[in-house]
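So the protein sequences, as listed, match chains R and B. Mapping of the first sequence onto the numbering used here: position 103 corresponds to residue 103, and the numbering continues sequentially without gaps. Mapping of the second sequence onto the numbering used here: position 18 corresponds to residue 1018, and the numbering continues sequentially without gaps.
One thing to keep in mind: the hints can contain errors.
Said to hold, decoys possible - Cross-link-like lysine-lysine pairs, in silico, DSS-like; alpha carbons within 30 Å at most:
no.	chain 1	residue 1	chain 2	residue 2
1	R	Lys97	R	Lys150
2	R	Lys97	R	Lys59
3	R	Lys216	R	Lys201
4	R	Lys150	B	Lys1066
5	B	Lys1066	R	Lys9
6	B	Lys1066	R	Lys97
7	R	Lys150	R	Lys9
8	R	Lys216	R	Lys59
9	R	Lys59	R	Lys201
10	R	Lys180	R	Lys201
11	R	Lys201	B	Lys1025
12	R	Lys97	R	Lys9
13	R	Lys180	R	Lys150
14	R	Lys9	B	Lys1025
15	R	Lys201	R	Lys212
Claimed, not checked - Now the in silico label distances, taken between C-beta atoms and shown as ranges:
no.	chain 1	residue 1	chain 2	residue 2	range
16	R	Ser198	B	Asp1016	45 to 55 Å
17	B	Ser1105	R	Ala208	31 to 41 Å
18	R	Ser198	B	Ser1082	36 to 46 Å
19	R	Gly200	B	Val1070	35 to 45 Å
20	B	Val1104	R	Ala178	23 to 33 Å
21	B	Ser1082	R	Asp146	47 to 57 Å
22	B	Glu1012	R	Arg207	36 to 46 Å
23	B	Arg1021	R	Ala178	48 to 58 Å
24	B	Asp1040	R	Gln15	19 to 29 Å
25	R	His28	B	Pro1022	39 to 49 Å
26	R	Glu205	B	Lys1025	53 to 63 Å
27	R	Glu205	B	Asp1040	30 to 40 Å
To be verified - Part of the chain R face toward chain B, derived, beta carbon under 8 Å:
no.	residue
28	Val6
29	Asn71
30	Ser153
31	Pro188
Think of the hints as simulated: they come from the structure by calculation, not from any bench. C-beta: ideal position from N, C-alpha, C; glycine also.
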Amino acid sequence: MTVVRVEQKVLNENQRIALDLRRRFEEHDILCLNFVSSPGSGKTTLLECTLAAFGPEEKIAVLTGDLQTENDARRLARYGFPVQQIVTGGVCHLDGKMIERHLEAWSLDDIDVLFIENVGNLVCPSSYDLGEEAKIVLLSVTEGEDKPLKYPSIFHKSTLLILTKVDLLPYVPFDIEAAKANARQVNPDIEILEVACSTGKGMDEWRAWLEKRRSKRQSAAAGGAISAKNERV
Amino acid sequence: MHEVGIASSILEAGRDETARRPGAKLMGICVRVGVLSGVDVDALRFAFDCITAETEDEKVVLTTEKCPRVNRCESCCHEFSSLEASPFTDAPCPRCHATSTSFVSGDQLDIASIEVEEP
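If we strip away everything but chain R, and leave its shape as in the complex, we get (with noise of 0.2 Å):
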């Protein structure tokens, strides 16, 4: 018997597609953001809230994914923008593959920002890069403070948590302040908001933390456009 040493990833060939994908983003100057959370956290009423805001002008895309149904796609598909669905027909987590697959129907030059809709579950879409330029991932206060400590991977993997719900704060018994002290346990970084989609709290910190990552790509990809040149030169 003959031992090989083998020392590559397990999940080789999603990260060789995700960093082919990340690539192609920061060619396009896409902003691309992957949502996770546990199943009826908010993620889609949070995208529809979020699709509202824009103009008509607005170059954005959403790409959903669920085991079953379009019905997230017809809900989001209402803003007027680019909508596909990802019917995972039983995966629990979107992978690169799917992304790929999916982005072939779009001309990369007509989207600006990327919404991409995990398959709601906390555990094994934090394996899966996508190619996203970051996670984010979202709390509802109608689930429990410690799940960033049951489920540290994702916390630990995501720029930002959104604490989704906070109008139902009067009548849950969610401790908010553990839930933050919890999740920077776990990711000491993590930047935090707090919104209700359905009174609009919040709603004007996540667009400025919004348009914030979207001018930081775009100044790089100018960054990147003066360095091409000098490159030429």
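Following the hints, put chain B in place on chain R, whose structure we already have.
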């Protein structure tokens, strides 16, 4: 939950590596699973057995090596490990008892090696 997909990726990688050695037969695969990888080792073994049952890979043995969470103390730079997933950070340093520590590793999911029978 996604262990079947992970098990398929492991088997595929093992087969690819074996195919690079003419006439070799895949006998075993060793993977390293970090406590923070989000992969349950028992579920992974079960999934691996299910996908290889009654196939030519039925005899392939999956070995798993559990990797601890490693933290580094921000005050004294001491690195320490634990097989407990939580806490990611803020675990007190066993040497100087400071509570500010940073995450070093523990989320790996790697194929370390394969075992092959060669002609």
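| 47 to 57 Å as the expected CB spacing between Asp146(R) and Ser1082(B), which holds or is violated | violated (19 Å)
| query | Given the hinted pair Lys216(R) and Lys59(R), is their alpha-carbon gap at most 30 Å? | reply | holds (17 Å)
| Within 30 Å, alpha carbon to alpha carbon, are Lys150(R) and Lys1066(B)? | holds (19 Å)
| task | Using the Cβ atoms, figure out if Val1104(B) sits within 23 to 33 Å of Ala178(R). | result | holds (26 Å)
| said: Would the hint linking Lys97(R) and Lys59(R) be met if the CA-CA limit is 30 Å? | reply: holds (23 Å)
| request: Identify whether the interface hint at Pro188(R) stands, where standing means a beta carbon of chain B within less than 8 Å of its own. | output: Holds - the Cβ of Pro188(R) comes within 8 Å of chain B, reaching about 6 Å at its closest.
| task | For the pair supplied as a hint, Lys180(R) and Lys150(R), confirm whether the alpha-carbon distance does not exceed 30 Å. | result | holds (14 Å)
| request: Compare the distance between the alpha carbons of Lys97(R) and Lys150(R) with 30 Å, and conclude whether the hinted pair is satisfied. | output: holds (29 Å)
| task | Using the Cβ atoms, figure out if Glu205(R) sits within 53 to 63 Å of Lys1025(B). | result | holds (59 Å)
| Lys1066(B) and Lys97(R): Cα distance at most 30 Å? | Measuring from Cα to Cα gives roughly 28 Å; hence the hint holds.
| message | Holds or violated: the 19 to 29 Å window for the beta-carbon distance between Asp1040(B) and Gln15(R)? | response | Once the Cβ atoms are compared, 21 Å apart, the range 19 to 29 Å for Gln15(R) and Asp1040(B) holds.
| request: Would you mind confirming whether the straight-line C-alpha gap from Lys201(R) to Lys1025(B) stays at or under 30 Å? | output: violated (61 Å)
Violation of the numbered hints given earlier is confined to hints 11, 21, 29; the remaining hints are satisfied by the structure.
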